[in-house]
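Participant: As you go down the protein sequences, you meet chains A and B in turn. Residue numbers 1255 to 1491, in the working numbering, belong to the letters of the first sequence in order. Residue numbers 4 to 232, in the working numbering, belong to the letters of the second sequence in order.
Mixed in with the good hints, there may be bad ones.
Listed next, the in silico DSS-like pairs over lysine-lysine satisfying Cα-Cα at most 27 Å (straight line) [stated by the list, open to error]:
| id | chain 1 | residue 1 | chain 2 | residue 2 |
| --- | --- | --- | --- | --- |
| 1 | A | K1433 | A | K1446 |
| 2 | B | K97 | A | K1474 |
| 3 | A | K1474 | B | K55 |
| 4 | B | K36 | A | K1474 |
Far from chain A, some chain B residues (derived; all Cβ distances over 12 Å) [claimed, not checked]:
| id | residue |
| --- | --- |
| 5 | F41 |
| 6 | S43 |
| 7 | L118 |
Quick caveat, the hints were computed from the structure, so don't treat them as lab data. All residues carry an ideal CB built from backbone N, CA and C; glycine is no exception.
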Amino acid sequence: MRVAVIAGSISGGFRIASEIETLAGVELFVIVCNVGNRSPLLRWSRELLSALRSFKWWTAATKAYSYAQLGRLIILHRPLDDSTSIERVRALQCDLGLHAANVIYREPTISAFRLGILNAHIGILPKYRGRCVVEWSVLQGDPAGVTVFFIDSGIDTGSRIVLREFIPSNGWKTVGTLKNMLFGCDARLYRKALEALMQPGIQFEINDILKGRRYYVMSKMFNQIVNEILIDRTNLA
Amino acid sequence: MDLETALSRRVPLDRCEGILRAALLERRAELRKSWRSFVSSECLQSLGSLAKEVEMFLSGPNTSRDWRFAASFTWMDCEVPFLDSLCAIALAGKVEYQLSDTSPPRLLPVDLNKLSSNERLKALCARYRCPLNIGLASEFDVAEELLRQSMVQDRSKLEAGAEFDVDMVLLKLNLVGIRAIISRDLRYLDALNYFYELPRRSLKRMCANPRLLASWLCLYAQLLCTPDW
Chain A
1255 MRVAVIAGSI SGGFRIASEI ETLAGVELFV IVCNVGNRSP LLRWSRELLS
1305 ALRSFKWWTA ATKAYSYAQL GRLIILHRPL DDSTSIERVR ALQCDLGLHA
1355 ANVIYREPTI SAFRLGILNA HIGILPKYRG RCVVEWSVLQ GDPAGVTVFF
1405 IDSGIDTGSR IVLREFIPSN GWKTVGTLKN MLFGCDARLY RKALEALMQP
1455 GIQFEINDIL KGRRYYVMSK MFNQIVNEIL IDRTNLA
Chain B
4 MDLETALSRR VPLDRCEGIL RAALLERRAE LRKSWRSFVS SECLQSLGSL
54 AKEVEMFLSG PNTSRDWRFA ASFTWMDCEV PFLDSLCAIA LAGKVEYQLS
104 DTSPPRLLPV DLNKLSSNER LKALCARYRC PLNIGLASEF DVAEELLRQS
154 MVQDRSKLEA GAEFDVDMVL LKLNLVGIRA IISRDLRYLD ALNYFYELPR
204 RSLKRMCANP RLLASWLCLY AQLLCTPDW
C-alpha cells in the first residue's frame, strides 16, 4: 500500500512516518505542505526552529535526506489545493493520505488518493464534530477519545469510520494538556488504522451525522468551566 | 464500544451542573454591572418607553421564564409585530400567541442563503413573527444554520474588526438565544457567551439597532439564570 503523510512541517511528517515506516507492506511518502502560503524565509526558519525544538534534529535531518534520495519527500511550494500541487500528489499514485497538516482538503486533493485521506479526529464521532470537541465532551460528561475516519470536504462528515478509541482523560488538569495528549495519539492510531485497512473485508462504521452535532469554538467562560471539571475529576480520583 | 462502557471516569453530572450553574450566575452578576458598556445612554434613551423596563431587567434581580413548553407545539401565530413579541420574550414577559394546526413550508438553509442580506432579514422576521417558533423541532436546520453563521462568519468578522451587518448579526443572536432557552442546548448558550466576551470595541457598532441589542442582552441575562441545562 502506498501511503503519504500530509504534513505541515518536515518534523511533523517524520514524527508520524517513524511510527508507520516499519509496517510491512507499506511504501511511505512524506508530503510537506506550505501551510498559509508562507515565504521561503519564514517557512524554513520555522522548520529549523521546529527541528531544533524537538531535540532530534539530527535524526530528522538524516531521515529527510534518505527520504529525499528515494524521492519520497515531496516539498510543496504552492498551497495543497493548487493544481500544480495536486498534479504532483496525483503522480505519486498513493492509495492513502494521512492528515497531519493544518489545511482544508478540497475534493480534487482527496480524490488524488485512491482510497482517500484519513484524519485522526480528537473527538468521538458521530457525536462530536467540529471544533473544541474535547472541551464539549468534558462539559457534557462524555468520554474523550480519537476517531480515525476518511474525510470528505465537509466538517468531520466523512461517512467511513475506520476506528474509534476511547482514551482515559483522568489525571489531566487542563484541557490544553489533555488535548496535546490526544493529538499525540495520531501516529499510533494511524498505524492501527492501516493495519485494519490491510485486513481483507474490513467493515467501516458509518459516521451518521444525524446522531451527532457540530460544535464550535468555545467561550472563555465555558473553557474555564471545563478546566474546573477536569480538576474536580482529578481530585475525586 | 459505546459511550457507556468508555474508559473515562465521568464526573457525576450533578457536580458538573453545580460548576456550570455557579459560573452562569457569576456571569449574570457581572452582566448586571457591565451591560451599560454595551448600551450607551443615547442608545438606551432611543428605546423610549422600553428603556426603563430594559434597565430594570438588566440591573435587577435574576428573572427567567420557562419557555420549554413551546417545543411541544406545531406552530404558533402572533398578531403583534416580530419586535414586540421578541421584546416580551426577552423581558420574560407574556407572549400572546395562537396555536396553529399547520406550519409554513420547510425553510432550507440553502434557500435562505440564496437571499440577499435584506431579504433574509425580512424572511426571518416574517417566519419567526412568533419568535418561539425557532425553538420547534421542525426548525432544527434553520437554527443550526444561524448558529453556524454566527459562530463562523460573523464571529471571524467581529474578531477581525471588519465591517458587519449589525441588524443581521443581532437578529441571529436573538434567535439563537431563543433556541437556547427552549432547547437547553449549551452550544446555543455558548454562542451568546462568545459574543459577550468579544472586545467591546467590536460590539460598539451594535448600538445602531438599540431594540435588537437590548433584547439580545435581556435574553442573555435570562439564559444565565435559567436552571436545568
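Participant: Hints first: check each against the structure and report whether it holds.
Facilitator: Checked hints:
Taken as a hint, the A/K1433 and A/K1446 pair is honoured in the structure, with Cα atoms around 20 Å apart against an allowance of 27 Å. A hinted pair counts as satisfied when its Cα atoms are at most 27 Å apart, and B/K97 with A/K1474 does not qualify at roughly 33 Å. The suggested pairing of A/K1474 with B/K55 is violated, with an alpha-carbon distance near 31 Å, which exceeds 27 Å. Pair hint B/K36 plus A/K1474 holds up; C-alpha atoms about 19 Å apart against a cutoff of 27 Å.
Distance check for B/F41 against chain A: the nearest CB is about 16 Å away, which clears 12 Å, and the non-interface claim stands. The beta carbon of B/S43 sits about 24 Å from the closest Cβ of chain A, which is more than 12 Å, so the claim that it is off the interface holds. Separation of B/L118 from chain A is adequate, the least Cβ-Cβ distance of about 23 Å exceeding the 12 Å criterion.
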